[in-house]
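Number of protein chains: 2
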Amino acid sequence: MTLPKAKPPRIQIEEVWPQIDAGRYPVKRSVGDEVEVWATIFRDGHELLGAAVLYRAPGEPEWQEAPLEKTDQPDRWTGSFHVDRCGRWEWTIEAWVDRIASWRDELSRKVEAGQTDLDSELQEGAALLEVPRLDVKAALASTETDRSESTRLVRSLEVDCDRPLARFGSWYELFPRSWGGFKGVEKALPALVGLGFDVLYFPPIHPIGVSNRKGRNNTLTAKKGDPGSPWAIGGKEGGHTAVSPELGTIDEFDRLVARARKLGIEIALDFAIQCSPDHPWLKEHPDWFHRRPDGTLKYAENPPKRYQDIYNVNFDSEDWQSLWAALRDVVLHWVEHGVKVFRVDNPHTKPLPFWEWLIHEVRSVDPEVVFLAEAFTRPPMMAALAKAGFSQSYTYFTWKNSKAELVEYMTQLTRSTLPEFFRPNFFANTPDILHEYLQRGGRPAFETRLVLAATLSPSYGLYSGYEHFENVPVKEGSEEYLDSEKYEAKKRKLDGPLLPFVRRLNEIRRENAALQRVDNLDFLETENEQLLAYVKRSEGNVVLVCVNLDPRAEHEGVVTVPVWLGLPPAYSATELLSESEFHWRIGRNYVRLGPGQSHVLRVEAR
Amino acid sequence: MTLPKAKPPRIQIEEVWPQIDAGRYPVKRSVGDEVEVWATIFRDGHELLGAAVLYRAPGEPEWQEAPLEKTDQPDRWTGSFHVDRCGRWEWTIEAWVDRIASWRDELSRKVEAGQTDLDSELQEGAALLEVPRLDVKAALASTETDRSESTRLVRSLEVDCDRPLARFGSWYELFPRSWGGFKGVEKALPALVGLGFDVLYFPPIHPIGVSNRKGRNNTLTAKKGDPGSPWAIGGKEGGHTAVSPELGTIDEFDRLVARARKLGIEIALDFAIQCSPDHPWLKEHPDWFHRRPDGTLKYAENPPKRYQDIYNVNFDSEDWQSLWAALRDVVLHWVEHGVKVFRVDNPHTKPLPFWEWLIHEVRSVDPEVVFLAEAFTRPPMMAALAKAGFSQSYTYFTWKNSKAELVEYMTQLTRSTLPEFFRPNFFANTPDILHEYLQRGGRPAFETRLVLAATLSPSYGLYSGYEHFENVPVKEGSEEYLDSEKYEAKKRKLDGPLLPFVRRLNEIRRENAALQRVDNLDFLETENEQLLAYVKRSEGNVVLVCVNLDPRAEHEGVVTVPVWLGLPPAYSATELLSESEFHWRIGRNYVRLGPGQSHVLRVEAR
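First to last, the sequence lines map onto chains A and B. According to my numbering, the residues represented by the first sequence are 83 to 688, in order. According to my numbering, the residues represented by the second sequence are 83 to 688, in order.
Here chain A stands alone, though its shape is the one from the complex (with noise of 0.2 angstroms):
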C-alpha cells in the first residue's frame, strides 16, 4: 500500500467554466471580449481562501492576473479577463490559503464571543505578521493578507480567440463568371461594400476540368462552351493553387483582393477537397485517390446520388501525411495572396483530426484566417466541426420556417454549451437551396427571410439573385435552382429591388450591438401563430423584433413583453425599418403586420 509522494493539495477548484469538454477543446471569444470565468473552490475545515484567474497571450510566457470574486452560490467564484488579439489564449485558476485573514477572522470571532484568554492568538498573529508583538486592537486593524498552499487546475485552459468578423458579419456569395470574372468583380466592390456586405464570397475560383464535365442543369454531357461546375476542381491550366483562365489572372485575383481590403470588404474563397479527373494530383500523386479491386478510381457518390465529374481523395491512403501537408499549403497559398476568409465545401465527410490540425496550423500562421464549415449533418458532426476550430458553420435555417421550427432550433442554437464554440451564419438561400418557402411565396417571403437571418443569427448571406426574388426550381419538389448558375453563367448586376431593404436592415445589424450575438435571445408570446417575436439585449442596447412569417395576408396579435426583461414600466421605441416612434410598455402591446412585414424596434434609454 502506497502514500502519495508529496502533501496533495486540499483546496478543490470544480466545475471551472467555460470548458468544453474537459478543456479537450478551447471555448471561442473576439478581440475586445471580457472572458468571464466560473469556479466553486473550497476546503476543508474554516480557513478563508483567496482567487484568481491568471492567463496570458498568445505566445507569450508570462502569466497576468485578475481577482475572482465569491458569489452568493455557495463557494462559488467569478471573475474575467480581457481579450486583444487572435490566438490561443491560455488560463487557468489559482487559489490559495490566507492564513492572516483566517487568523484575524478567528481571532474577531473569539473577540464577539467574550473570549479575554488571546495571549496565543496574537502571538501567533505577530508571527504570521512579523512584528514582535500585536494587541487586539491592532491585531483587527491589521489588513495584511497573504498566499499559502496556491492551488492550479491540474490542466489550463484554452480560449480561442479570433477576429470579430467570425461572430458577426454580413455576406454575400457570387459567381465571378456571372460579373466580367475578378475585374467585373472589382468594380462592383464599391456597390458591395455601400450595401454594408463584409465578406464576398466566390464558389472555387480554380481551372475545372473536361472530362465528365456537367452541362447545363446538371446533364450528365456538357455541350460545347458549357463552362462546367467550378467544384470540379483542376484542369491542364493547374489545379487548387492556380485560377481559372476564364475569370482572369492570378495578377486580378490579387488587385482584387487588394481593392477590397482597402474598400473594407473582405473576399472569402471556397475550400473544396474534390479533384476533377482532369486535376493534376491524379497523376502526381495517384495514391491520394481510392482505387477499386478492378484498378479503377471511385469517383464521388452517395447513392444514389453521383457526381461523375470529381474524384473525393483517400485519407485513408498510405501517404496521407503528405496528403494532409498538401492540403494545408494549398490554404496557405491563398493566405499568402491575402485570403483570411474560407468557406470549407462538405468537411463533414474528411477526418474531424485532419480540419483540427488544418486550422490549428493555419491559425498558427496567421490567427486572423476564419473558417466556414459548409456542413448538413446530424447535431454531433455539426458541433464537433466547430469544436475542432471551424468559426461559424451553415445551419438548417433554410429549412426552419414555421413559429415552431424557429423557437425550436434557436433554442438548441442557444443552449447550454453550444454557444461557447458553435457559431450560426444563416445564409437565406445558397446555390443549392431555393426553399419551397421562397419558392411559393414571393416578394414578402423574401423580405420575410432576409429579416429572420439578419436578426436572428450575427453572421448571414445572402446569394446573389435573392434580390431578385428568383424563385423557379429545376422541378417541382426540388430545391435546385433552375438554369443553376452552378453550371452556366448569368449576366447579373447589383440592382435587385430588395437592395434597398438589404442595406437598411446592415446598417441596423452595425448600429445595434445585440444583433452581433446569438446567446443573447428570448421568445416572446404573440398570441398569434403566424407572428414571431422575440428580443436580443445587450448592455445598453435592446432590440425586439416581430415578424409576419405569413407571405399571403395580414397578421394581428399582442407582443408581450415580460417583467423580468427588466425594461421600464412604459418607453418608447423606435422602428428601425421604418423609422417611426412607437410607445411600449411591460405587458400585452398590439402590433399588426401586412406580409413580408416586420417590426425591428430599438428600446431607447431614457
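No lab work stands behind these hints, which were simulated from the structure alone. Accuracy of the hints is not assured; some may be wrong.
In this list, chains with the same sequence are indistinguishable; a pair is considered to hold if it fits within one copy or across any two.
What the hints assert, rightly or not - Straight-line C-alpha distance at most 20 angstroms; calculated PhoX-like pairs for lysine-lysine:
1. LYS344 to LYS265
2. LYS387 to LYS568
3. LYS387 to LYS192
4. LYS192 to LYS380
5. LYS269 to LYS573
Given chain A, work out where chain B should sit, using these hints.
The following block gives chain B in isolation, referenced to the frame of chain A:
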C-alpha cells in the same frame, strides 16, 4: 509545423455516460446492478459503425464485451453490463467501422436506385468477403461483418461497486454504555434484527480522556462518576485501537460482532479523528498536533464553539505520511475485528485527498467496507466527500420539514449527476439533533418523520429514544437533548411504543424494490400544503406515499396521478401500513389523513 506521427482515429466517441468530472471519479453502483452506458459515436463519411462496451471486474486483466445499440437520438448508442462483485470495475467504449456492412449498404442503395454497372462494387465485395466472385443476390444476402479502425476512449472509466447495504439499509444508533456494554448489546441483537434493522451503529467505543472531561449537559468540569463524551478519544488504557473498559473487553466486542453477523445485522463503528489530552499519540507523536508559537497545543474550536476536551490532528504536520498511515491502520484494525461499516465524524474538516486515499486503501484490503460521512456543510464539500469515496452521507433531511423544503431538497438530491455518487442516509434524529418539529409535534411528529425518512431515502436511521418520543431540549431554541446521552449513561431498553410501526416500515422497505433507490422519485400534486405525496417506481414495483405533515390536524386533499406514470386508468392499491385495499385511478384521488398518519400504497399488478 508538425504532422501527427500516427494517423489519428476518425471515429469520435463523445458524451460518454455515466462519468463524473470527466472520469476523475468513479460512479457508484452495487452488486447485482446492471450498469447502463451511453455514448455519442460518429465518424465523417457514410460508413456504418459498430460499438461495444468493454468492461473488466476488479483485478481481472481481460476485457469482457457487451454490444451497444443505436438509440433513436442521432448517433447515440447504449448498452449495459452486470456488476457482480465489490471493487473498482473498469470500462471503456470501443467503436469501429464495419466495412462489409458499409459496402453492402451502399450496394443495396445502388440496386434500389436502379444502377446496373456494379462490377466494380461486386469485385470490391469479393475482396472484402475473401471469395473469388459474387453476384448481386449473394452480395445482398451476405451477413458477414468486420471491424476496422477500432477506436477506444483515451481513458477508461470506473465504476465503484459496493454492497447493496451501501445504498439500502435501516440503521439504529445506541450508546453501548446505556445498554450494559457489549454484553448487554449482544442480548438486544435478536430484538433489533426482529425490528428489521440492518446496521447497529455505536458512537466511539474507545477509552475516554479524563483531562478536561466534560460533565453532564456539556459542562466544563466533570463531577466524580461522570463518564465523559465518547468523542474525547484516548486515555491511559489506549487510543483509537483500544476499547473502553466501561464497555467490556475486546473479546466481548469480538463476540458481539460475530453474533451480529450470524443474526444478519452489522456493527458500525465511529471513526472520529481527534484525541483527548490523554490520548497516547500526544506523547508518542507530538508532531502530529498543532502547536502555537508559545508552545501550547491548540484544542478544537470553531469560534464561538470550543471543544476543550479534544485536540485535532495537524494534517499539515511534517510527518503527515506516518499520520495518514496510522489513521488507515486504525480502520484496518477494526476491519480485522470484523467491522465493515464506519460512520466518519466530521470528515469535511479533514483533507479530501486523505479520504480518497484512505477509503481506497481500506477497500483495496476489503472492498465490502462501507463509509458513512457525518458531514453537514456546504453542498460542494458534501458532494466532494462522496466523490472521494464515501459510500453514503448524512444530509439536511432533519431540517427539511415543510412541503416546499422537502420537495426542493429531494429535487437537489435526485437531480443531474448527484445520484451517480452521492447516497443519502436520512437520520430522523441524532444525539446532536432534536429538531423543533419533534420537540413540539408529539407522537404524530415522530410518526410523520419516520415515514418520510424510511420512504424518501433507501438508507435511514434512528437514534435510540426516538421510539419513546423523547423530545425535551436542553433549553428553548436548542437542538441538543436535555441530559444528553453524550455526557451521561442511561438505562435503555427496546420497549418504545413506536417500535411496531418501525418494524412494519422496515418490512415494507424490504418487500418493495422501489423504496430501495433514491433516483426514482416523483412528487405528486395534492391540493393541500400539508399533504406531501410522491411516487417511487422500479421495474415491477410502484409505491405511492402520501404523508400528513401537520402533526396537529387532520387534512384532506386530492392526490393527482398523472398519465405519464404509465399506470392503468384504474387500479387497486394495497395500503401497506393498514393492509387494506384502495381503488385509485389516473387523475384525482381523494385522501384524508389524521395527524401523524400516512398512506403507503403499493400499486398491484393486474
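Comparing the hints with the structure gives:
1. LYS344 to LYS265: within (16 angstroms within a copy, 96 angstroms between copies)
2. LYS387 to LYS568: within (17 angstroms within a copy, 81 angstroms between copies)
3. LYS387 to LYS192: Answer is between: at 9 angstroms across copies they meet the 20 angstroms cutoff, but 80 angstroms inside does not.
4. LYS192 to LYS380: Answer is between; shortest inter-copy Cα gap is 14 angstroms, intra-copy 83 angstroms.
5. LYS269 to LYS573: Result: close within a single copy only, 14 angstroms intra versus 103 angstroms inter.
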